[in-house]
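**Q** Residues per chain, in single letters:
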Amino acid sequence: MCLGIPGRIVEIHDDRGLLMGQVDFGGVRREVCLAYLAGQVQPGDYAIVHVGFAISRVDEEEARRTFEALRELSQLDELDWMREVAERSLAGQAGPRA
Amino acid sequence: MKYLSEYRDAGVARGLIARVRARATRPWVLMEVCGGQTHTIVKQGLLELLDGAVEMIHGPGCPVCVTPLEQIDKALRLAADPRVIFTSFGDMLRVPGSECDLLQVRARGGEVRVVYSPLDALELAVRHPDRQVVFFAVGFETTAPANAMAVWRARELGVGNFSILVSHVTVPPAMTALLSASDNRVQGFLAAGHVCTVMGWTEYEPIAARYRVPIVVTGFEPVDILEGIWMAVCQLEEGRHEVENQYVRSVRREGTVPARDLVSKVFQLVDRKWRGIGEIPQSGLGLREEFADFDAEYRFGLTAIQVEESPECRAGDVLRGQLKPFQCPAFGERCTPDHPLGAPMVSSEGACAAYHNYGRFRQARPAEV
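Chains as they are written, first to last, in numbering that gives the first Met the number 0: chain A, 0 to 97; chain B, 0 to 368.
It cannot be assumed that every hint is accurate.
Claimed, not checked - Covered, in the sense of this in silico footprint (three residues per stretch, anywhere, with C-beta under 8 Å from a C-beta of chain B), are these stretches of chain A:
#: 1; stretch: 15-28
#: 2; stretch: 45-53
#: 3; stretch: 80-86
Claimed, not checked - Just some of the chain A residues that point at chain B, by a computed CB distance under 8 Å:
#: 4; residue: L2
#: 5; residue: G3
#: 6; residue: C32
#: 7; residue: A34
#: 8; residue: Y35
#: 9; residue: V57
#: 10; residue: E59
#: 11; residue: F66
#: 12; residue: A68
#: 13; residue: L72
#: 14; residue: S73
#: 15; residue: Q74
#: 16; residue: D76
#: 17; residue: E77
Claimed, not checked - To spell it out: a stretch of chain B is covered by chain A in this simulated footprint if at least three of its residues, at any positions, have a beta carbon under 8 Å from a beta carbon of chain A; those stretches are:
#: 18; stretch: 29-38
#: 19; stretch: 78-91
#: 20; stretch: 117-130
#: 21; stretch: 149-159
#: 22; stretch: 194-207
#: 23; stretch: 225-237
#: 24; stretch: 246-256
Hints were generated in silico from the structure; no laboratory data involved.
Built from N, CA and C at the ideal position, the CB exists for glycine as well.
Make a model of the complete structure from these sequences and hints.
**A** Put into structure tokens, the structure is as follows:
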């Protein structure tokens with residue numbers, strides 16, 4: 000959880016007063032809070048994301064390098080947590096949980 | 000060497016290693032305080048490549064590893080409470096408490112869910128108004144902005160069934176505590192790049208000046224770390240003790256200001272126990288009085304729980320650099336990643352797990368030397 004994961008901001012929206020966006024992490028997409036980079040990011044930009052919060056803007060090359068480095072170091076556990084949350088939330092939409 | 004050769008910038012890395020080895024007139028002792036850096040150093044075999052020029056001590060840089068036993072026990076109690084949906088980052092689930100871990104509580108019927116972000120936990124609370132949703136707020140300064148926002152947002156949206164169990168720690172007080180110890184061996188630090196991306200490095204300047212140690216803000220890739228080591232060794236050889244920034248592509252001196260601002264609105268500095276090290280004054284973050292309603296310890300009456308740690312786990316000695324993981328009598332025998340005695344063997348960022356996973360004990364084990 001100490002190492003942020005770089006992702007590409009796909010879309011930006013306002014959720015009840017909070018700046019949020021869809022971010023793509025090497026094919027895994029999820030909702031990320033962009034409030035700490037308000038006014039600094041647009042769709043297509045890259046940012047380092049810590050546990051669902053974009054903390055710093057980076058350029059595309061740096062984002063790719065960092066993502067590959069994390070992959071080489073097997074430090075992408077958080078993508079599994081994202082998937083787990085996404086699967087549960089889909090299961091929740093399909094019907095009540097047991 | 001085979002580890003480094005798998006790395007794409009191996010040539011650059013070898014050049015830096017040669018420069019460090021040529022420059023060091025004595026073996027310098029440096030500490031990194033970042034689990035990601037520890038992982039890189041051990042995986043890429045940098046310890047062996049720098050042997051004789053630089054000794055790296057793996058400091059308390061893994062948030063999972065330093066979360067004190069009593070906070071884990073409080074988490075276990077909350078997770079077993081039928082009113083509660085307990086939510087956590089995935090890497091806390093296998094950390095051993097006094098009697099079991101969160102996975103075992105889940106197996107016995109406790110509702111424990113992995114979330115990626117504390118906002119996922121807040122969303123769960125909104126969707127389950129009949130349940131209490133508690134989030135295990137652990138981590139260094141990198142997760143504090145996220146946890147601060149979750150609490151801020153809960154108050155803003157009036158989500159009364161959300162609370163957090165706080166076990167936040169901050170890096171600079173731990174560095175100060177290590178440097179103040181009479182048996183300190185650390186002569187220079189690599190500061191964690193991603194922590195400084197959030198916080199900047201102004202807090203490190205008085206530490207470098209007071210204890211006369213170089214502190215180099217450093218990234219987590221092999222070349223970053225070697226460059227950070229190179230910069231620290233140059234300072235030591237020249238008798239300088241400054242804060243320098245190796246990780247210029249991510250870190251600015253003032254950090255990410257809006258994130259720092261919200262962290263200080265929601266949290267305040269508190270004394271905090273570190274697993275294996277003990278209490279370090281003003282080394283943690285706790286919720287400010289005005290957010291006490293969102294503090295799970297108050298809501299569920301857990302403030303009085305105090306727990307002594309198991310004497311068999313020598314995590315404290317490892318985190319203070321007094322013991323290498325493989326020198327612990329339990330290492331690899333009674334303590335393995337599948338059956339950990341302590342947190343540094345659990346997390347992928349923990350020093351003991353890194354040594355175990357990358358076979359760093361085989362060649363270095365005292366019995367075989």
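**Q** Against this structure, judge whether each hint is valid.
**A** Status of the hints after comparison with the structure:
1. 15-28: holds (count 3)
2. 45-53: holds (count 5)
3. 80-86: holds (count 4)
4. L2: holds (4 Å)
5. G3: holds (6 Å)
6. C32: holds (6 Å)
7. A34: holds (7 Å)
8. Y35: Y35/A check passes; min Cβ-Cβ to chain B is 4 Å, inside 8 Å.
9. V57: Status holds, d = 7 Å.
10. E59: violated (12 Å)
11. F66: Violated, because the Cβ-Cβ distance from F66/A to chain B comes to roughly 11 Å (cut-off 8 Å).
12. A68: holds (5 Å)
13. L72: holds (6 Å)
14. S73: holds (7 Å)
15. Q74: holds (6 Å)
16. D76: With Cβ-Cβ at 6 Å, under 8 Å, it holds.
17. E77: holds (6 Å)
18. 29-38: holds (count 4)
19. 78-91: The restraint on the stretch 78-91 of chain B holds, since 3 of its residues have a Cβ under 8 Å from chain A and three suffice.
20. 117-130: holds (count 4)
21. 149-159: holds (count 3)
22. 194-207: As far as the stretch 194-207 of chain B goes, the hint holds, because 3 residues have Cβ atoms under 8 Å from chain A.
23. 225-237: violated (count 0)
24. 246-256: The restraint on the stretch 246-256 of chain B holds, since 3 of its residues have a Cβ under 8 Å from chain A and three suffice.
Violated hints, listed in ascending order, are 10, 11 and 23; each of the other numbered hints is respected by the structure.
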